[in-house]
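Q: Given these sequences and hints, build the entire structure.
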Amino acid sequence: MEVPILKQGGHLIAAIQAALTDADLIRLQDALVEQVGRYRSKGVIIDVTALDVMDSFATRTLRSMAHMIKLRGAETVICGIQPEVAFAMVQLGLTLEGISTALDLEEGLALLNRRTVNSNQSV
Amino acid sequence: MEGETRVHIGSEIDIIEARERGRTIGKLVGFHPVDQTIIATAISEIARNIIFFAKQGTMSFEVIAEGNRRGILIVAKDSGPGIADISMAMQDGYSTSRGLGLGLPGVRRLMDEFQVISIVGKGTTVTMKKWVAHYD
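Taken in sequence, the protein lines are chains V and P.
Sequential numbering from 1 applies to the first sequence in this note's numbering.
Sequential numbering from 1001 applies to the second sequence in this note's numbering.
Warning: the hint list may mix true and false statements.
[Said to hold, decoys possible] If we take Cβ atoms under 7 Å as the criterion, some of the chain V residues that face chain P in the derived model are:
#: 1; residue: Asp22
#: 2; residue: Phe87
#: 3; residue: Ala88
[Stated by the list, open to error] Residues of chain V placed beyond 12 Å of chain P at every Cβ, according to the derived structure:
#: 4; residue: Ser56
#: 5; residue: Arg72
#: 6; residue: Met89
Don't read these hints as lab results, they were simulated from the structure.
Keep in mind that this is a model prediction, so the values were computed, not measured.
We put the beta carbon where it would ideally sit given N, CA and C, even for glycine.
A: Structure below.
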């Protein structure tokens, strides 16, 4: 199941709709890394609200995605991790260290807006 | 909910099928939503190991009872290469994908009972149980 990627201002929003296979996640990664360049995006939001399980593969892939996007010059925020998913991730020993997270899409966008404004000022 | 139900694990799609099956059964047995997610996550990890190391196998799910408690029994079987050193595989390498990269210590933390039997060249059987906890 393909993840729709929306453009919102200078940001990309990947809105995951349902459980993803490993292949879907890899496709999302490739699409985001490419589109950050095509649209010269400064920020990416990956909305995982619809994911009812985040296992080690999903977590590792999201972490790599955020790092690749960073190397392409954009910030990533992962938003919408459900409370029970967070609980299971911690029990399993999974972390998203170094990756920005936000409660939901609204908070995620606010965070990206602050970040990208600050980085513009510092140039 | 009687007897056992079995899912063939042969592709990534089956991982999703297996964890959804586990969640459904968990819900029927009366697991708290957090525990349903924990069960689904454990299933996901073990099913992925089957795909990755053994290419295919099966996962069976059964409702179990002991005295007045109820729970779920999950048995994952494959005929893959097996694990040579289980005690090494069970060592916690702090987070995931250290150690032997099987994620077994993490899964053990998710479940109440967890057992791995493996014979090199013959395959691996992972047996795990979780009992319904009452949070009050």
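Q: Confirm or reject each hint.
A: Verification of the supplied hints:
Look at Asp22/V: its Cβ gets to within about 5 Å of chain P, closer than 7 Å, so that hint holds up. Taking 7 Å as the C-beta contact cut-off toward chain P, the hint placing Phe87/V at the interface holds, the least distance being around 5 Å. A least Cβ separation of about 4 Å between Ala88/V and chain P falls short of the 7 Å threshold, and the interface hint therefore holds. Residue placement check: Ser56/V does not keep its beta carbon more than 12 Å from all beta carbons of chain P (closest about 4 Å).
Once the 12 Å rule is applied to beta carbons, Arg72/V is consistent with being away from chain P; the minimum gap is 24 Å. Look at Met89/V: its CB is around 8 Å from the nearest CB on chain P, not clear of 12 Å, so calling it non-interface is violated.
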